[in-house]
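Now for the letters of each chain:
Protein chains: 2
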Amino acid sequence: MAQKQIPYKIYLEEQEMPAYWYNVRADMKKKPAPLLDPATGKPITAEALEKVFCRELVKQELDDTTRYIPIPQDILDFYKMYRPAPLIRAYCLEKKLGTPAKIYYKFEGNNTSGSHKLNSAIAQAYYAKEQGLKGVTTETGAGQWGTALSMACSYFGLDCRVYMVKCSYEQKPFRREVMRTYGAQVTPSPSETTAIGRQILAEHPGTTGSLGCAISEAVEAAGSMEGYRYVLGSVLSQVMLHQSVIGMETLAALDKYGEKADIIIGCAGGGSNLGGLIAPFMGQKLRGEADYQFIAVEPSSCPSLTRGKYVYDYCDTGRVCPLAKMYTLGSGFIPAPSHAGGLRYHGMSSVLSELYDEGLMEARSVKQTEVFEAAEYFARIEGILPAPESSHAIKVAMDEAIKCRETGEEKTIVFGLTGTGYFDMMSYEKFHDGKMTDYVPSDEEIAAGMAKLPKID
Amino acid sequence: MAQKQIPYKIYLEEQEMPAYWYNVRADMKKKPAPLLDPATGKPITAEALEKVFCRELVKQELDDTTRYIPIPQDILDFYKMYRPAPLIRAYCLEKKLGTPAKIYYKFEGNNTSGSHKLNSAIAQAYYAKEQGLKGVTTETGAGQWGTALSMACSYFGLDCRVYMVKCSYEQKPFRREVMRTYGAQVTPSPSETTAIGRQILAEHPGTTGSLGCAISEAVEAAGSMEGYRYVLGSVLSQVMLHQSVIGMETLAALDKYGEKADIIIGCAGGGSNLGGLIAPFMGQKLRGEADYQFIAVEPSSCPSLTRGKYVYDYCDTGRVCPLAKMYTLGSGFIPAPSHAGGLRYHGMSSVLSELYDEGLMEARSVKQTEVFEAAEYFARIEGILPAPESSHAIKVAMDEAIKCRETGEEKTIVFGLTGTGYFDMMSYEKFHDGKMTDYVPSDEEIAAGMAKLPKID
Numbered sequence: 004m005a006q007k008q009i010p011y012k013i014y015l016e017e018q019e020m021p022a023y024w025y026n027v028r029a030d031m032k033k034k035p036a037p038l039l040d041p042a043t044g045k046p047i048t049a050e051a052l053e054k055v056f057c058r059e060l061v062k063q064e065l066d067d068t069t070r071y072i073p074i075p076q077d078i079l080d081f082y083k084m085y086r087p088a089p090l091i092r093a094y095c096l097e098k099k100l101g102t103p104a105k106i107y108y109k110f111e112g113n114n115t116s117g118s119h120k121l122n123s124a125i126a127q128a129y130y131a132k133e134q135g136l137k138g139v140t141t142e143t144g145a146g147q148w149g150t151a152l153s154m155a156c157s158y159f160g161l162d163c164r165v166y167m168v169k170c171s172y173e174q175k176p177f178r179r180e181v182m183r184t185y186g187a188q189v190t191p192s193p194s195e196t197t198a199i200g201r202q203i204l205a206e207h208p209g210t211t212g213s214l215g216c217a218i219s220e221a222v223e224a225a226g227s228m229e230g231y232r233y234v235l236g237s238v239l240s241q242v243m244l245h246q247s248v249i250g251m252e253t254l255a256a257l258d259k260y261g262e263k264a265d266i267i268i269g270c271a272g273g274g275s276n277l278g279g280l281i282a283p284f285m286g287q288k289l290r291g292e293a294d295y296q297f298i299a300v301e302p303s304s305c306p307s308l309t310r311g312k313y314v315y316d317y318c319d320t321g322r323v324c325p326l327a328k329m330y331t332l333g334s335g336f337i338p339a340p341s342h343a344g345g346l347r348y349h350g351m352s353s354v355l356s357e358l359y360d361e362g363l364m365e366a367r368s369v370k371q372t373e374v375f376e377a378a379e380y381f382a383r384i385e386g387i388l389p390a391p392e393s394s395h396a397i398k399v400a401m402d403e404a405i406k407c408r409e410t411g412e413e414k415t416i417v418f419g420l421t422g423t424g425y426f427d428m429m430s431y432e433k434f435h436d437g438k439m440t441d442y443v444p445s446d447e448e449i450a451a452g453m454a455k456l457p458k459i460d
Numbered sequence: 004m005a006q007k008q009i010p011y012k013i014y015l016e017e018q019e020m021p022a023y024w025y026n027v028r029a030d031m032k033k034k035p036a037p038l039l040d041p042a043t044g045k046p047i048t049a050e051a052l053e054k055v056f057c058r059e060l061v062k063q064e065l066d067d068t069t070r071y072i073p074i075p076q077d078i079l080d081f082y083k084m085y086r087p088a089p090l091i092r093a094y095c096l097e098k099k100l101g102t103p104a105k106i107y108y109k110f111e112g113n114n115t116s117g118s119h120k121l122n123s124a125i126a127q128a129y130y131a132k133e134q135g136l137k138g139v140t141t142e143t144g145a146g147q148w149g150t151a152l153s154m155a156c157s158y159f160g161l162d163c164r165v166y167m168v169k170c171s172y173e174q175k176p177f178r179r180e181v182m183r184t185y186g187a188q189v190t191p192s193p194s195e196t197t198a199i200g201r202q203i204l205a206e207h208p209g210t211t212g213s214l215g216c217a218i219s220e221a222v223e224a225a226g227s228m229e230g231y232r233y234v235l236g237s238v239l240s241q242v243m244l245h246q247s248v249i250g251m252e253t254l255a256a257l258d259k260y261g262e263k264a265d266i267i268i269g270c271a272g273g274g275s276n277l278g279g280l281i282a283p284f285m286g287q288k289l290r291g292e293a294d295y296q297f298i299a300v301e302p303s304s305c306p307s308l309t310r311g312k313y314v315y316d317y318c319d320t321g322r323v324c325p326l327a328k329m330y331t332l333g334s335g336f337i338p339a340p341s342h343a344g345g346l347r348y349h350g351m352s353s354v355l356s357e358l359y360d361e362g363l364m365e366a367r368s369v370k371q372t373e374v375f376e377a378a379e380y381f382a383r384i385e386g387i388l389p390a391p392e393s394s395h396a397i398k399v400a401m402d403e404a405i406k407c408r409e410t411g412e413e414k415t416i417v418f419g420l421t422g423t424g425y426f427d428m429m430s431y432e433k434f435h436d437g438k439m440t441d442y443v444p445s446d447e448e449i450a451a452g453m454a455k456l457p458k459i460d
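From first to last, the protein sequence lines stand for chains L and G. Per the working numbering, the very first residue in the first sequence carries number 4; after that it's consecutive. Per the working numbering, the very first residue in the second sequence carries number 4; after that it's consecutive.
Treat the hints with care, since some could be wrong.
Note that identical chains are pooled: a pair holds if it fits in a single copy or bridges any two copies.
Here are the computed lysine to aspartate or glutamate pairs in the EDC-like style, where the Cα-Cα straight-line distance is at most 20 angstroms [claimed, not checked]:
hint, residue 1, residue 2
1, Lys62, Glu262
2, Lys259, Asp294
3, Lys83, Glu97
4, Lys7, Asp80
5, Lys105, Asp265
6, Lys406, Glu50
7, Lys105, Asp441
8, Lys105, Asp436
9, Lys288, Asp258
For the record, the hints were derived by calculation from the structure and aren't laboratory data.
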């Protein structure tokens, strides 16, 4: 049978879009370790989690047996506004690299939030609305998650309170304005609005904030207001579940043209995008139906998989969230100020950590100057200006394609292009002006972070 | 026959994409008035134009008889990277407005240049490359055109020199960095690099520049370098020709689902987007095959169609370009500094001016605060944060849909959503903070601009 001509961009038809999320934990023989209650050190109960998170989301968080979870119609309708995301055949990049490999990328940046974050934001807002809540709180660093959540809350008429790391709030006023366009209330963190914020300000006057501190403030704020819950855009298993829509669409698009991936590559911060992209492929691998090489790419300045330990750790610096078993650098680890490329979380999703620990997935770390070189190269060839985060995956996809040029192997490489870099031009400017430096933490710095791990396990 | 269910987003298949540009002038009984040579006051010759513009583009500029012009394969390939643009059914907006009207919008913002400008940029870069040129020069205001041209030149390996209005260069550093990512050389205008720039700086020390001044610098720079030509992103008939790809795709997408537009709406600055969107529909109207209502929307602070005169005028303040017959406010007209919404050109494309003068198209002017209100409303409902320019069309499309709610008419409204507002958040901030004001020039101000029109015709 003659193979169908593959277009530059594969868009699924509306009726071909996935109607279910895929829960990879259902196919894992060894399940990810349970979340622990910070108060008791025991596996956390649904009841305790429901004080912080929405009811249905807690159910999804704890469900490691249901393979397919139907996507509610309201969420499907919202998905139709900005999905399906195209699976793009990188014809121009292949030609430029002179590689016999086929390169595909799943582009999640064609929506106003600029990234894949919207896939989970709309789900979390939906369940909050369904529960009859008034609003949700969250934190945001660079602002992608905050933007996505603002859009989702605006759609369902929910109040949205975002704690934005102060240095980003000041340096990225445009992201803040996008959130305000969607009606969100954005507060620079640390702030005077919470006890933990006031405490941090008293202890560290003039601090520019951190993600861990913003998480703690958002959790406290949710707990102190009637009808509010806290929501989180990465790391959690529920988020990976929602993000499986990325992988489901990718698999459907490849199947439609009779293509089979050999290598699947994604950038990894907390792990939601990578986890979502690889989910159904990993499912096939776990069930013995197909084999794939999976590569997680992380910044060498924040190398949780490649240099971290697989132990229980706090998810936030304020230590108010449940403990998770994960590859971690220690919850106090903060990448050096020179780090511009995103993916700055100290740990990695429990699901991905377990898969990595079992050798089902590889990990590589890359330096930020080579990431920006790859980003600019890609922008010029493929016409899309990528987010620094996404460019980690581009770098390794290009490396693999070049290897194929050398070996003559006609591999099919798929990578996740999670977002656009339109709000990251300050980092690009630094790169253009030759002011970007690389940073790799010393063994001593890594060890110092480890020394502060909780004594569990 | 049962009508096909219309999806939220209609994407043409690759093989359904138009292979021809449509030249609406071929179907106009009364042709647009010819360009005049500023030196002689006579219709300009191809020879004279070729000193400034690329050869093939001059041919297209002067060709008012060939109806369909094949799109070269290299351009089609580039189009496949970011096109087809979706024709989006605004289901959510219809529901929110409670209108019986069907609303569609053609979204041209899903590419790194953030707008439709790329459609002509790639064509102009292609013909420059084909002619064996080393590079091109141009001007840019807000930066959309400069970004688009940078991307196009990077694709063909052409040098790209952009004169960027100084106040934008300083206030919009992000656009500048996108252009640098694509290898363009960006110079704040007025500059010391040209005679006209030096003259303006001497006469007006500390000036923050204007589009007209940047055009004059770019034209001078092209003329002073071997192997360079000047290119322009709007106003010219060649640009409207390239932009007809917007209308061709829109018509094909509507036809695919058996839909017929009643009203077609576009924002109008120089006229390239509106001209491109309506071209094939206007062709049907001119040939008596169908009827449509066309509405051009312009800012009330720069109302060339609604308050200008239809006469010969200079295209640039430096008066180095050919003269065009158009609706104009006078080449010295500059919108007030409070004007944030784009579309600040003093004149209107000759083709659109002629169509408007013959009563084949209507025009409306809208104030910028109501434009931003419409923009924010739309962003929240449809999930896309629009460029201020595009939001002029949104405003009038919403007005028409609300009229339908009142009359019960089930009209089909199509409008052009030319771009995203990601680089316009400073204007949104002004709007959120209640600092945006409206400006409508007085009759005296309009008359003052008219007094300086050249005495021709």
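Consistency of the hints with the structure:
For the identical chains of this complex, lysine 62 and glutamate 262 are neighbours neither inside a copy (35 angstroms) nor across copies (44 angstroms), given an alpha-carbon limit of 20 angstroms. Proximity of lysine 259 to aspartate 294 under the C-alpha cut-off of 20 angstroms is restricted to the intra-copy arrangement: shortest distance 19 angstroms within a copy versus 40 angstroms between copies. For the homomeric pair lysine 83 and glutamate 97, the shortest alpha-carbon distance between copies (15 angstroms) is at most 20 angstroms, but the shortest distance inside one copy (30 angstroms) is not. In the homo-oligomer, the alpha carbons of lysine 7 and aspartate 80 lie at most 20 angstroms apart only across protomers (18 angstroms), although the nearest pairing inside one protomer, at 30 angstroms, exceeds that limit.
When the C-alpha separation of lysine 105 and aspartate 265 is checked against a cutoff of 20 angstroms, the pair qualifies only within one copy, where the shortest distance is 10 angstroms, while the shortest distance between copies is 45 angstroms. Within a single copy, lysine 406 and glutamate 50 get their C-alpha atoms no closer than 51 angstroms, and across copies no closer than 52 angstroms, so neither meets the 20 angstroms cut-off. When the C-alpha separation of lysine 105 and aspartate 441 is checked against a cutoff of 20 angstroms, the pair qualifies neither within a copy, at 31 angstroms, nor between copies, at 53 angstroms. Proximity of lysine 105 and aspartate 436 under a CA criterion of 20 angstroms is satisfied in neither setting, with 34 angstroms inside one chain copy and 49 angstroms between copies.
In this homomeric assembly, lysine 288 and aspartate 258 come within 20 angstroms of each other (Cα to Cα) only inside a single copy, at 16 angstroms, whereas the closest approach across copies is 44 angstroms.
Violation of the numbered hints given earlier is confined to hints 1, 6, 7 and 8; the remaining hints are satisfied by the structure.
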